[in-house]
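Q: Chain by chain, the residues:
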Amino acid sequence: MYASKKYWMIAWILVLPALLIRIFTTIYPIIETFHISLFEVKLLQGIRKFVGLDNYIQLFHDSKMITSIRFTAIFVVGSMIGHIVLGIILALILNMKFRGQKVLRTIVLLPWAMPMVVIAMASKWAFNNEYGLINDFIRRFAPSFNLDWLIYTNTARSAVIAVDLWKDLPFFAILVLAGLQFISSDMYEAAKIDGAGSIRSFFSITLPLISRNILMLSIFFTMWRITSFDVVYAMTSGGPGESTALIAYRVTTEAFTNLNTGYAASIAVVLFLVMAVLSGLSMSAAKRVDY
Amino acid sequence: MIPKNSRSVPLTLTIWGLAAIVAFLILFPLWWIFISSITPAGELFSKPVKYWPVHPTLDSYRYLIKNVGLLPKIGNTAIIVGLSILIGMIISVMAAFSFARFRTRGLSIAVGFLLASMLIPDVVTARPLYDFLRSVHLYDTYTGLIILYISGILPFTILILQNYLNDIPVSIEESASIDGCGFFQSMFYVTIPLLRPALATVCIVNFITCLNNFFTPLFYSNGISVLSTAITQLPLRDNMYAVPWDLVSAMGWIIILPIIIFVAIFQRQIMEGIMAGGVKG
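So the sequence lines, in the order shown, correspond to chains A and B. Just so you know, full-length UniProt numbering puts the end of the first sequence at 291, numbered straight through with nothing missing. Just so you know, full-length UniProt numbering puts the end of the second sequence at 281, numbered straight through with nothing missing.
It is worth saying that the hints were derived from the structure and are not from the lab. Ideal Cβ positions, reconstructed from N, Cα and C, are used throughout, including at glycine. Heads up, a few of these hints could be off.
[As the list claims (entries may be wrong)] Heads up, incomplete: computed chain A residues facing chain B, CB under 7 Å, no partners named:
no.	residue
1	M9
2	A11
3	A18
4	T26
5	P29
6	I30
7	T33
8	L44
9	Q45
10	G46
11	I47
12	K124
13	I174
14	A248
With the hints as constraints, model all of the structure from the sequences given.
A: Have a look at this one:
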């Protein structure tokens, strides 16, 4: 019906506003990012000179940047292991039939629906040694426990990962649950008749059937972790020192605080390329892993 | 069929136990934030932490209204979120309709572009976008913020609506046109009403996305303050960590409470929306 030429104009007029908005808010700035990453820009001194790939070379020798890359790797891997292991367990709990299942599903939606800033600001207080929720809870079991989480590198990093898990793990579990609901109960019945216990049927039926779903989810969640910003901004401001400055946080610090926009752009380009590789991976994963 | 009640008692108890632990881990911190917000500032420095205040008070909320300008912030948030969703939905329905009904090579490239642009992270475009907004005088304006909020919800919304539209047969519009409907008439009176459930789902998810948008107001506004950024800009105190926890918890609860109510009411639609698009909050 809509094949005739007269609809050609209407079709483009309808998509035009959406396209224009996305072009101005993503395409134009990303081209500009690539462009200024080749310049040394010092806004305060009014310097702007072409330096070729110097920013990129500097990036891999900058100790702050290396710390950021290292912590981002720890954050992504640590958080993703937690997401996958605990996420599957939580999804299995949500998939069980019991009174109160609906209430539990509603509760599990809450962390997803809340802004990360609020959670991160609250966490700053929750991880306080004297008056925080976390230590108060631990002290109920070990009364002499004392630890100022956000002061030491390792504990601050663990705390950031824990907060990230609290916020996004339930969301991951809900998406895994979506995959679980496609598995027909006939399969479990058949397995039961063949003598498989519940652990055996989890590893032989459930896991293989949701593995593709989990792989896709993990790629997307990894991408979101790599560009995480809010949690560190509100909770630790990258501290102690620079030890929890995720790459995304580093970019904004260089761009808006140090006003080193050329250098910031080169980090942004690297981040963008990593994202592009991962999305390429997710597309080939979507095609190849098929049953 | 195995009857539903065949499960053993210990197993049921284990499931309830697990469910209780999950519920506790999620709800207890929220309860703690609420209690902190109605506890007088001095009482917050108590060890062990009191999970019920001795002298409950609404002082923190009063302070936020009087000294921090809570009400204008709520107004700003309502205006920006409301208009962004309204305009964003109109633009999305138009685009989704076009993508679902017309098939040309140019349009498939446009769809691909929209999906690909979803993967560009905010931080990568932040600085050039900031400079661009300044140069066209949209920095720190309602218009600028609304455009950016809309941009944030467009790809997801178009994707979901297009999927729904693909399931609505074109023959409905064909018969409408035989009955004398023009193109826009059949779009408005025949197709869009059929989209209503999808529109509701997408609106609900977008409401949460917009309300939680922190990056946009943080970097692209200064004078116009919304709730999500306001919580990081509360006046610092002289306590040991410079966190005005009494105010932070009150501000946090003001943001959290509507979300809890909203999620409780629209649990089903939110689940559908999440599962349809894997949207990131």
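Q: Under 7 Å is the threshold here; is the Cβ of A11(A) close enough to any Cβ of chain B for the hint to stand?
A: With Cβ-Cβ at 4 Å, under 7 Å, it holds.
Q: Have a go at the T26(A) hint: is there a Cβ in chain B nearer than 7 Å to its own Cβ?
A: For T26(A), the interface hint holds, since the closest Cβ of chain B sits about 4 Å away, which is under 7 Å.
Q: Mind checking the CB of I174(A) against every CB in chain B and telling me if the closest is under 7 Å?
A: Holds, about 6 Å.
Q: Under the criterion of a CB-CB separation shorter than 7 Å, is L44(A) in contact with chain B as hinted?
A: violated, 15 Å
Q: Regarding the hint that A248(A) lies at the interface with chain B, is the smallest CB-CB distance below 7 Å?
A: holds, 4 Å
Q: For the hint on A18(A), just tell me whether its beta-carbon gets within less than 7 Å of chain B.
A: holds, 4 Å
Q: Restraint: P29(A) near chain B, CB-CB cut 7 Å. Satisfied or not?
A: holds, 4 Å
Q: Measuring from the C-beta of M9(A) to each C-beta in chain B, is the shortest one below 7 Å?
A: This interface hint is violated because 11 Å lies over the 7 Å limit.
Q: Let me know if the C-beta of Q45(A) comes in closer than 7 Å to any C-beta of chain B, holds or violated.
A: The hint is violated - Q45(A) has no Cβ within 7 Å of chain B, the shortest such distance being about 17 Å.
Q: Can we keep the I30(A) interface hint, with Cβ of chain B closer than 7 Å?
A: holds, 6 Å
Q: Mind checking the CB of I47(A) against every CB in chain B and telling me if the closest is under 7 Å?
A: I47(A) check fails; min Cβ-Cβ to chain B is 16 Å, beyond 7 Å.
Q: Should the hint that K124(A) touches chain B count as held when the rule is a Cβ pair under 7 Å?
A: Interface hint status for K124(A): holds (6 Å vs cutoff 7 Å).
The structure fails to meet hints 1, 8, 9, 10 and 11 from the earlier list, while all remaining hints are met.
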